[in-house]
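Enquirer: Chains as they are written, first to last, in the numbering used here: chain A, 21 to 229; chain B, 99 to 209; chain C, 624 to 1245.
Simulated from the structure, these hints should not be mistaken for laboratory data.
Note that the structure is predicted; figures quoted are calculated from it, not measured.
Fair warning: there could be bad hints in the mix.
[What the hints assert, rightly or not] What follows is a set of in silico ranges between Cβ atoms, one per label pair, in the way DEER data are often shown:
no.	chain 1	residue 1	chain 2	residue 2	range
1	A	155	C	680	41 to 49 angstroms
2	A	144	B	187	36 to 44 angstroms
3	C	1226	A	28	22 to 30 angstroms
4	C	1201	A	77	31 to 39 angstroms
[What the hints assert, rightly or not] Distance condition first, Cα-Cα at most 30 angstroms in a straight line; then the derived DSSO-like pairs of lysine-lysine:
no.	chain 1	residue 1	chain 2	residue 2
5	A	84	B	180
6	A	200	A	190
7	A	26	C	1139
8	C	648	C	1139
9	C	1113	C	1154
10	B	180	A	26
11	A	26	C	648
12	B	119	A	46
13	A	120	C	1224
14	B	148	A	120
15	C	1233	A	46
16	C	648	A	200
17	C	1113	A	200
18	A	200	A	119
19	C	647	C	1200
20	A	46	C	648
21	A	119	C	1224
22	B	119	A	190
23	A	46	C	1224
24	B	180	A	200
25	B	180	A	120
26	A	26	C	1233
27	A	72	B	148
28	B	180	A	46
29	C	1224	A	190
30	A	26	B	119
31	A	119	B	119
32	A	46	C	647
33	A	119	B	180
34	A	200	B	119
35	C	1224	A	200
36	A	46	C	1139
The beta carbon of each residue, even a glycine, is placed where N, CA and C say it ideally should be.
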Amino acid sequence: MQAEEKLTYETWPASPERSTLEAKNKFLGFWLFLGGETVLFASLFATYLALKDKVPDSSHHLAKDIFELPLTLTATMLLLTSSLTSVYAMYHMKNFAFKKMMVWLSITVLLGLGFLGLEIYEFNHYVHEFHHTFTSSAFASAFYSLVGFHGAHVTFGLGWILALMFRNYKRGLNLYNAPKFYVASLYWHFIDVVWVFIFTVVYLMGMVG
Amino acid sequence: MTNQPLSSSNPRVDLEYRRRKNAEEMRYQVISFTLMIFLTFVAFGVVAIKGFTAWFVVPFILLLACVQVVFQLFYFMHMSHKGHEAPSMFLFTGVFLAMIMVWAFMTIIWW
Amino acid sequence: MSTYAQKKGFGATIWDYLTTVDHKKIAILYLMAGGLFFIMGGLEAVFIRIQLAVPNNDFVSAGAFNEIITMHGTTMIFLAAMPLLFAFMNAVMPLQIGARDVAFPFVNALGFWLFFFGGIFLNLSWFLGGAPDAGWTSYASLAVHSKGHGIDFYVLGLQISGLGTLIGGINFLVTIINMRAPGMTYMRMPLFTWTTFVASAMILFAFPPLTVGLTLMMFDRLFGANFFEVAMGGNTIIWEHLFWIFGHPEVYILILPAFGIFSEIFSTFSRKRLFGYSSMVFATVLIGFLGFMVWAHHMFTTGLGPVANAIFAVATMAIGVPTGIKIFNWLFTMWGGSVKFTTPMYYAFAFIPSFVMGGVTGVMVATAAADYQYHDTYFVVAHFHYVIVGGVVLALLAGTHYWWPKMFGTMLNETLGKITFWLFFIGFHLTFFIQHFLGLWGMPRRVFTYLPGQGLNAGNLISSIGAAFMSVAVLILLFNIIMTQVKNVKVGNDPWEDGRTLEWSIPSPPPFYNFKQLPLVRGLDAYWLEKMAGKKGLTPAEPIGDIHMPNSSFIPFMISLGLFIAAFGAMYHVDDKPWALPVLIIGLVITFGSMLVRSVKDDHGFHIHKEELVQEEKGAKA
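Excised from the complex, chain A in its bound form (with noise of 0.2 angstroms):
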C-alpha cells in the first residue's frame, strides 16, 4: 500500500497508523523514545525530591508555603480534559473523519494553550509573591527545572500539533500523515502522564510537607 494514495472511507485501514512499514517504525520508535523519556523525567523527579526544601535560609519559603490547590487543580482539569479530546480526536482519524479530528485537535490545542497560560501566570505569581526565583535557591532551581521541563515538553506539543494541523488542513487524511498524528497524540498523553506525577509528588506532596 503506497504511503501517499488517496484513500476513502472504504478502504480506509483499521490501523492506519501501523499500516506501512515506514508507519511501523514511526509508531515503535517513539513508543521507544517515551520509554527514554521516563527516564528523563525520572532524573528530574530524582533531582526535586533531592533538593525539596533546600534553602540557604529561613527567609526562603518552601513548598508547602506557596502552592495552591485550586491554581494546580484547575491546570490538571485542562490538561486532563485535553487528553480525553486527543484521543476523540484520533476516534475520528481512525474513522477515516478528517474534519472532526481536525475540530478535536483544534479544541486540544486551546485547552493546552489555556494550561500554559496558567503555568506563566503561576511562575510570575511565585517569583514576584515569594521572591521564589530561579536561581534563589536550589530547591527553586530543581522546582523550575522539573516543571518547566514539562511546560516546554506542553510548548513543543502545541507547536507539533499545529505544525501538523495547518501541514494538512487541505490534503485531508492519508497513510502519510495519519502516524503523524497519532504520534503527536501519544505525546500528548505522555505530557499528561508526567504532569499525574507533577500535580501528585510536586504540588499535592508539598502541600503535605
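Position chains B and C relative to chain A; hints supplied.
Expert: For chains B and C alone, kept in the frame of chain A given last:
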C-alpha cells in the same frame, strides 16, 4: 497489510463492525476519563481536608497517581491493544529504572 | 538508477557525503570522524606519558595537564570509541539482518552530524581560551567553579553529541525489531546484531540521565541555578549519581558491541558455530540489565553508608558471572575448531587474557572495603584501561581489519596488520601492567608530576615507553590503510572465505540497496548453512520487484549546525557579550526552522524499478 485482522467476505459488514468497535472503545475511553477525573478529585480532596496524617496521604495519592497513569497508558495510549509488546517492554523497563533512580536519590543522598 | 555508478568530481562526492542517508556511507563518516578523534585522543595520551616519563617534568604545565587528561578521557569515550562502534553497527548490522536500510535513514544522518558538531565544538575549546579541566567525569565540586569556558564547552559539546547518540540508539532498536529479513528470528541473529540491540537499549535508558546532568550543570554555570551550589542548598553528589547512572551503563554500551565483534571473529576463523549461542545471548541481556544496577560502585568513598556500599558491591561482582560465561564460550568455540590465524583472530586471541585481567581487577575494586585503598590511584587507571583498551580498542582494531573489505571492497595488508598487532599488544601491556603496581605503591591518578626518590621513576618510564609502541602501531595501521586504498585491489563477496553471516553473501562494498531480493534465512549463520548445502548464495524470499529508497537530505547537517551555533551564543551569554543572545536565537531558529521544513515538506523517497535491477544483473554478467 498485516494489520487487517478483520476480513469477512463482505466489506460492508467489516466496516460496520469496525465502526461499532471504535464507538464502543470510545465509550470505554470516556468511562476511564471519568474515573481519572474522580481519582484526581479524591487526591486533591485528601490533601485539602487537612485531617489526615502524611503517612497515609503520601502513599495514598501516589497510588491514585499510578492507577490514573495505568488508565492513560492502557486506554488513552492504546497499550492494551495487540502489537504493543515491544513498546510495553521498553516503557516498563524505563519505569523500573525510574523507580530505582528515585529510590536511590531519596535514600542515599542525605548530606 | 544509472547515475550513481558514474564517476563523480570531488565536490560532488563531498556533497554526496554531506547529504547521504545511506547507512553504509554514514558508517564511513563515523569511521573517519571517529578515527580522527581517536588520533587526537591518542596524541593527548602521548603528551600525558611524555609529561610523566621522568619526575619533576615540565613538558606541560599543571593546568595544561588537567586539560589534557580531561580531553583525553572525554574524547576517547564519547568521540572515538562510541562513534567507531557506531561505524561498524551502521556498516554491518543492517546487512546481518538482511535489511535494505535502517528504520530511519534521515535520523541516522542526523545522529552522525549531531555527534560530529558536538565533537568539533568540544575540541574548539583548545583554541578559545582553554579546554575543560575537571576530569572526564567533571565532578560538580570542581566543575562549577572552573574558570573560563572549558567546562561550558564540555557541557554543551557533550549535550549535542549525546543527542546524536540517543537517536542513533533508537534507530538501531527499531531497525532490529521491525526490519529483519524473512526467517531471521531473534534467536538466529548474529551476536554482533544482538549486542548492538542490547547496547542500543542501554543507550536509550542511559543517555537521558546524562542529558539531565549536563542540563543542570549548564543551568548552574550559565544561568545562575543552584543545583550544585552548597551554600544555596545544592548538592554536588547529585551530579555524581546522574553522571554514573549514565557512566556505568556507558561502559557496557562500549564493551558489549566489542564482545559482539569478537564473537563473530571467533566463530568465523575457528570455522565453527559459536559455542553456546543461546547462553551468549542470555549473558548479553543479563549484562545489559545488571549494568544499570551498579553505578554507585564508582562512589564507594563518598560515604553512601555500609548498606548501600554492600548492595552495590555484590551487584557489581554478579556481573562477573555472565562475563565469565562469555569467556568460556569463546574458548570452547576455538576448542576443536580449525583455527585460522588472521589479523582479526590475533586480536581476538589477545583479547581474552587482556580482558580477563581487567575483569579480575574489576572484582578487586568492586570490593567496597578494599576500594578505599585503590580509589583514585593508578590501580584504577590500570583497571579501566585494561577493560577499555584490552576489550574495546582491540575489538575496534580487529573489526577494522575484519570488515574493511566489506566496507571498502579492499583487503588490508595482513603482514602489516600483524606487525600492528604485535606492536600494539606489547605496547598496551607495557604501558598499563606496571600501572597496577604504581597505584599500589601509592601514585594517585590525575597528578601532573611526581618527585624522584619515591620509587615511581622506573615504573613511569616503562609505561611511557609502552605508549610509544602503541603510537607506532597506530602509524603503521594508517600506512596500511593508505597503501591499501592506493593499490585498490578489489575483492569479492566473501574475501575471508569463511564468512558465516549475511553480510558476506553480497558484493563488497554492497550496492546501495544492499539486497536485490531479500534473503530467506534458514538458521543461525545463514550464509554458512547455504555454503555447506552446496549453494552459492541465499535463497531469495521475494521475486525481483521495485525497491523503495529514501532521498538524500541536507537538513540533518543544518539542524546540527544550528545547535552548534546556538551553543556559542549560550556560552558567551554569561560574558555579557552583546552578540551572544542574537547568536543563540539565530542558531535555534536554524535548528527548529530546519525541523519545520522537514515536517512540512513531504519526502516519499524514490523507487528503483524492477527493469533497472534486471538490466544491471545482465550488465554484471556480460
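Enquirer: Taking the hints in turn, state whether each one holds.
Expert: Hint-by-hint comparison with the structure:
1. 155(A) / 680(C): 41 to 49 angstroms: Given range 41 to 49 angstroms: holds, Cβ gap about 43 angstroms.
2. 144(A) / 187(B): 36 to 44 angstroms: holds (42 angstroms)
3. 1226(C) / 28(A): 22 to 30 angstroms: holds (25 angstroms)
4. 1201(C) / 77(A): 31 to 39 angstroms: holds (36 angstroms)
5. 84(A) / 180(B): Distance ~44 angstroms between residue 84(A) and residue 180(B) Cα, so the pair is violated.
6. 200(A) / 190(A): holds (16 angstroms)
7. 26(A) / 1139(C): holds (29 angstroms)
8. 648(C) / 1139(C): holds (18 angstroms)
9. 1113(C) / 1154(C): Holds. Residue 1113(C) to residue 1154(C) sits at ~22 angstroms (cutoff 30 angstroms).
10. 180(B) / 26(A): Holds, at roughly 27 angstroms.
11. 26(A) / 648(C): Judged against 30 angstroms, a Cα distance of about 35 angstroms means the pair is violated.
12. 119(B) / 46(A): Holds. Residue 119(B) to residue 46(A) sits at ~25 angstroms (cutoff 30 angstroms).
13. 120(A) / 1224(C): Holds, at about 24 angstroms.
14. 148(B) / 120(A): violated (44 angstroms)
15. 1233(C) / 46(A): Status holds; Cα separation ~27 angstroms.
16. 648(C) / 200(A): Between residue 648(C) and residue 200(A) the Cα gap is close to 28 angstroms, so the pair holds against 30 angstroms.
17. 1113(C) / 200(A): violated (44 angstroms)
18. 200(A) / 119(A): At roughly 16 angstroms apart (the allowed maximum being 30 angstroms), residue 119(A) and residue 200(A) satisfy the hint.
19. 647(C) / 1200(C): Since the Cα atoms of residue 647(C) and residue 1200(C) sit roughly 43 angstroms apart, the hinted pair is violated (cutoff 30 angstroms).
20. 46(A) / 648(C): Holds - the C-alpha atoms of residue 648(C) and residue 46(A) are around 23 angstroms apart, at most 30 angstroms.
21. 119(A) / 1224(C): Status holds; Cα separation ~22 angstroms.
22. 119(B) / 190(A): holds (29 angstroms)
23. 46(A) / 1224(C): holds (17 angstroms)
24. 180(B) / 200(A): Since the Cα atoms of residue 180(B) and residue 200(A) sit roughly 20 angstroms apart, the hinted pair holds (cutoff 30 angstroms).
25. 180(B) / 120(A): holds (26 angstroms)
26. 26(A) / 1233(C): OK: residue 26(A) and residue 1233(C) at ~24 angstroms, within 30 angstroms.
27. 72(A) / 148(B): holds (21 angstroms)
28. 180(B) / 46(A): holds (17 angstroms)
29. 1224(C) / 190(A): Judged against 30 angstroms, a Cα distance of about 14 angstroms means the pair holds.
30. 26(A) / 119(B): Between residue 26(A) and residue 119(B) the Cα gap is close to 24 angstroms, so the pair holds against 30 angstroms.
31. 119(A) / 119(B): holds (21 angstroms)
32. 46(A) / 647(C): Within the cut-off at roughly 22 angstroms; holds.
33. 119(A) / 180(B): Holds, at about 28 angstroms.
34. 200(A) / 119(B): Holds, because 23 angstroms separates the two Cα atoms, which is no more than 30 angstroms.
35. 1224(C) / 200(A): holds (13 angstroms)
36. 46(A) / 1139(C): Answer holds: residue 46(A) to residue 1139(C) is near 25 angstroms, not above 30 angstroms.
Consistency with the previously given hints fails for numbers 5, 11, 14, 17 and 19, ordered from lowest to highest.
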